[in-house]
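Please assemble the complex out of the two chains, which come individually in their own frames, going by the hints.
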Amino acid sequence: MRNDIVLETQGITKRFRGLVAVDRFDIAVRAFTIHSLIGPNGAGKTTVFNVITGIYRPEEGKVLFQGQVLNGLKPHEILARGIARTFQNPRLFKNMTCLENTMAGQHAHGRAGFWSSILRLPHQRREEKKIQEQAGEWLHRLGLWPFRHELARNIPYGCQKLLELARALAAQPKVLLLDEPTCGLNESEKATMMNFIEGLPKEGITVLLVEHNMNVVMGLSDLITVMNYGKKIAEGTPEEIYNNPVVVEAYLGRGESNVVKSG
Amino acid sequence: MRLLGKRPTWLYKQPVRWAFLAATIALLLSFPFWASRYWIDVGFYVGLYALLGLGLNVILGEVGLFNLGHAAFWALGAYTTAILNVRLGIPTLALLPLSALVAGGCAWLISSPIIHLRGDYLCIVTIALGEIVRLVLINNPAGLTGGPNGVIGIARPVFLGHVIRTPLDFYFLVWAMVALCAFALRQLQRSRIGRAWNYIREDEIAAEAMGVDVRSLKLLAFVLGAALAGLAGNIFAAKMRMVSPDSFTFMESCLMFCIVLLGGMGSIPGTILGAALVVLFPEIFRPVAQYRLLFFGLALAATMYFRPGGLWPRRRAVEFTAGRAARP
Chain A
8 MRNDIVLETQ GITKRFRGLV AVDRFDIAVR AFTIHSLIGP NGAGKTTVFN VITGIYRPEE
68 GKVLFQGQVL NGLKPHEILA RGIARTFQNP RLFKNMTCLE NTMAGQHAHG RAGFWSSILR
128 LPHQRREEKK IQEQAGEWLH RLGLWPFRHE LARNIPYGCQ KLLELARALA AQPKVLLLDE
188 PTCGLNESEK ATMMNFIEGL PKEGITVLLV EHNMNVVMGL SDLITVMNYG KKIAEGTPEE
248 IYNNPVVVEA YLGRGESNVV KSG
Chain B
355 MRLLGKRPTW LYKQPVRWAF LAATIALLLS FPFWASRYWI DVGFYVGLYA LLGLGLNVIL
415 GEVGLFNLGH AAFWALGAYT TAILNVRLGI PTLALLPLSA LVAGGCAWLI SSPIIHLRGD
475 YLCIVTIALG EIVRLVLINN PAGLTGGPNG VIGIARPVFL GHVIRTPLDF YFLVWAMVAL
535 CAFALRQLQR SRIGRAWNYI REDEIAAEAM GVDVRSLKLL AFVLGAALAG LAGNIFAAKM
595 RMVSPDSFTF MESCLMFCIV LLGGMGSIPG TILGAALVVL FPEIFRPVAQ YRLLFFGLAL
655 AATMYFRPGG LWPRRRAVEF TAGRAARP
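Just so you know, the sequences run in chain order A and B.
Okay, so the first sequence: first residue is 8 according to my numbering, each after it adds one.
Okay, so the second sequence: first residue is 355 according to my numbering, each after it adds one.
Derived from the structure by calculation, the hints contain no laboratory data.
Among the hints, erroneous ones may be present.
As the list claims (entries may be wrong) - Lysine to aspartate or glutamate pairs mimicking EDC-like chemistry, simulated, CA-CA at most 16 Å apart:
id	chain 1	residue 1	chain 2	residue 2
1	A	Lys238	A	Glu84
2	A	Lys239	A	Asp30
3	A	Lys101	B	Asp567
4	A	Lys101	B	Asp557
5	A	Lys69	A	Asp30
6	A	Lys197	A	Glu210
7	A	Lys181	A	Glu84
8	A	Lys81	B	Asp567
9	A	Lys81	B	Glu558
10	A	Lys197	A	Asp186
11	A	Lys239	A	Glu256
12	A	Lys238	A	Glu256
This is chain B alone, in the form it adopts within the complex (with noise of 0.2 Å):
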């Protein structure tokens, strides 16, 4: 029984999305090897903001957690970069994992306190924060950040002896970090534990009086999150080779929120579309640039009218594989 109208049910037949998705995967592969440097870029720039997309999805989309300081955990992945690396030499690729456990452990300390806070209130809370590591940079607490200034000077990550230089190295960088992070997040969708933080967003207490742990929950969402944008932090900062406080505003934490809302709560190939949305669009528009930003605000706004549960939101199915249930 539907009450909403059909919907296109071929389109979720199983061997359309397999197909759906190879094409998406060769696209991503061959896209470098035909395009020029600078789309290359571009195509980099999109892997990252998924790969921040995916991470705040977690927080946002799965839990329903308003966060508006996403960009403090990517400033601390990309600083724990910047400043182990320079200071004592440990090689780049090396601190990839270091500084999403840096990004996640702050994210826990910081969250312990205000997790409990909800909907709007946690929203002021999050601004506050990003705001206050980005401050905090700027003033160069011990000499450490460098001030407004940031820390230069990041050695380029090896791989296997492979130096990785090129725009072309850093797009699969950061593309099979996106893979490998929206498979797993998959698998924790479809889990338990992804479950739960659904429950959680959908109705606090009914999950709450139905045996969910809500705090542990929460705040393991928001270290997992935190975590995913400290890995896209270090890649970063290794891209740029240097890292500055003024690449963390809360214009970034709006991006990040942006992309997350456009491609659709909790859904994984809805947070990459939005990302690839939310930095194509400004590329698209550069000849008439000065007017960008009124674009960007209209596609926003008609997107939140026209479809507001986002352009690729969720599927809701669970595959019964435990059978036809037998009557007792």
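Chain A with its partners taken away, still in its complex shape (with noise of 0.2 Å):
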């Protein structure tokens, strides 16, 4: 293992019943770049996601982050070693307002516990403030702090796309795992987004990107992986995968080129 490399996965595993979903999956993201897993519809690509996250067990396979195995971590535990992640459909926490859906990012780094929460201790404060600040920071950064006394469902779809970023920068990942974040925006707001996001790994945040807009993608990545019926059937960089011709059969169906085998 190169030492770059911040998140594995070593031949990952996931079955539904029948369906294998995830087919012995190897992924080496590395540090500071930011890596795109691209793939038809129902390739399997969130299903990475669920299984780096903690969501779903793999019944194969390691998930490894900066040399230390996940399996069998729970969700929150993986977030607190510093891996992050957004949906593709917005998991905002609707009824609250943006400012508390961004402090949830920092639940994790919080010590206050049930007695010094009531008695408001001191040390109590200086959190509260700091979660406070750095929640601040983040909608301010993402142009969200006008909205940020309004309940997360009564602000707009862009907005809301920014917001859960921003609910994922406030818990201070390693990496983060954005799951189309582009999906739904318009022209401009997809502007910001990728802007944004290109400017990630400058900061330290490495970022796994799963995206179906070609633009977004060849424009972003520094490396592609695709994936057709959960197994890997193409990396390299964006003009390597423009050009490979596995991608162009995955993508448009088998043509008149003859079908050439992928390593």
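Pasting the structure below:
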């Protein structure tokens, strides 16, 4: 294992009854890069995310984060290690304010317990202040500060996507898993989102991205992994993937060109 | 920006809220001095159900766990007080914290294996739980619970040499507990723990993915809610001077459920208002007693239709104490 690899899966397999959603899948994400995971609908991309974040347990294989095995940890423990995520359809806390939503990211880093919360002990007050500052900072950076007291369900869809990103970033992750961050956004929102994601590696955040929009993927990625039927079918830089006949076939179906086996 | 019309903002201004709180406290403090004995007793029951409602509100309102067996924890608190006082002669008031501990401890034991159940499934298990506790009490295990007759002869509580005996005394005892619990629960609401409870209610998967230890926090809510019911059980036993299984029926669990739904899930003032309505409604409609339940049902249905969030829903706003966050 190269030591600049921060997140890695080794032969993970996830079955649902008879269906093999993910089949001996390997991916190695290098630190401070944007790594994309693409593939047709139902290829198993979101399942890979759910296995990495501990929502599903894989039948086989290992998930390694900074060289440590994550298998068997609960989702909240995995977040505390430094892996945060967003969801394809925003799963916000709809009846809570945007500020409260963003503060959720800081929950795992808080220590205040039952009694210190009731008694408002000094260390609890300091911690609350810190949680709010962190959350407020990310709201500012994503342009959501004016919405801070609005309920999450009342803000526009594009802002909900950004809010979910703010919530994940407030967790101070080392690796951020983004599940179709530009899905459902208009062109200008898409541009804002792309600009923002592009800057994350410079701040020490490694990004693993699932995306359908090829402009986004080709524009942002350092490396692309292509999946189909739960398996890895290709991996390479955007140019390599763009010219790879196997990938073209997976997306468009078999044409008259010869089929090339990928390694 | 408001997409759902204007809220009456003047109602939420800090001075208005303080004035309202002061008026409520003044009313509650002065009430027993101008009301009849009968209405003081009614006031006591409002306080008792407010305490039970506050406990259930933690479980149902804050975390969204459907618990239709809350009367079981009330019964556990009441019987703990009754048995230990009658058999061992431990002072009734000293059993107040112990009743809470026993009810909370039992809640921990009982809920550990079922806490992962979702929605309706948990609801059904808690209904069964309430019935099991009631039937066990009727069956008089080891001659402890006195079967259908219950336990009689509970000593009056003594507070600093003052015997708590009149309706007035009990009125103040129960409302002091309500005030204490409401304060503590409000502190929790505005803390990391209270927020995490709400995250779980809103979206359990997202909460877990954001680092919330869902299982532990659900257990904490269950234990805390049951402990408050245990407190209520102690006060109830002391007031009645006897306990029997008839007091802890499924109907009582339903009433507590209604209190939380009527008042507003996760709203502390809402729960107290809900308790007041649920207790006062049958009193007001006593002249037409045979139609009481009909009116009650209609009122509930109307509330659910016109105000699905409850009569006094919780206002969501975090006071931003950190000041305007500086841009990096």
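Outcome of the hint check:
Only pairs whose Cα atoms come within 16 Å are accepted, and A/Lys238 paired with A/Glu84 is rejected, the gap being roughly 27 Å. The hinted pair formed by A/Lys239 and A/Asp30 meets the criterion: a straight-line CA distance of about 8 Å does not exceed 16 Å. At roughly 20 Å between alpha-carbon atoms, A/Lys101 and B/Asp567 are farther apart than 16 Å, so this suggested pair is violated. The straight-line distance between the Cα atoms of A/Lys101 and B/Asp557 is roughly 8 Å, inside the 16 Å bound, and the hint therefore holds.
Between A/Lys69 and A/Asp30, the direct Cα distance comes to roughly 13 Å. Compliance with the 16 Å bound is thereby established for this hinted pair. Between A/Lys197 and A/Glu210, the direct Cα distance comes to roughly 21 Å. Violation of the 16 Å bound is thereby established for this hinted pair. Taken as a hint, the A/Lys181 and A/Glu84 pair is honoured in the structure, with Cα atoms around 14 Å apart against an allowance of 16 Å. As the CA atoms of A/Lys81 and B/Asp567 are separated by approximately 9 Å, the hinted pair is consistent with the 16 Å bound.
About 13 Å separates the Cα atoms of A/Lys81 and B/Glu558, which keeps this hinted pair within 16 Å; it holds. For the given pair, A/Lys197 sits about 14 Å from A/Asp186 by alpha-carbon distance, which is consistent with the 16 Å threshold. For the proposed pair A/Lys239 and A/Glu256, the alpha carbon gap of about 14 Å is at most 16 Å, so the pair holds. Distance restraint check for A/Lys238 and A/Glu256: the Cα-Cα separation of roughly 15 Å lies within the 16 Å cut-off, and the hinted pair is therefore satisfied.
Checked against the numbered hints above, the structure violates hints 1, 3, 6; every other hint is satisfied.
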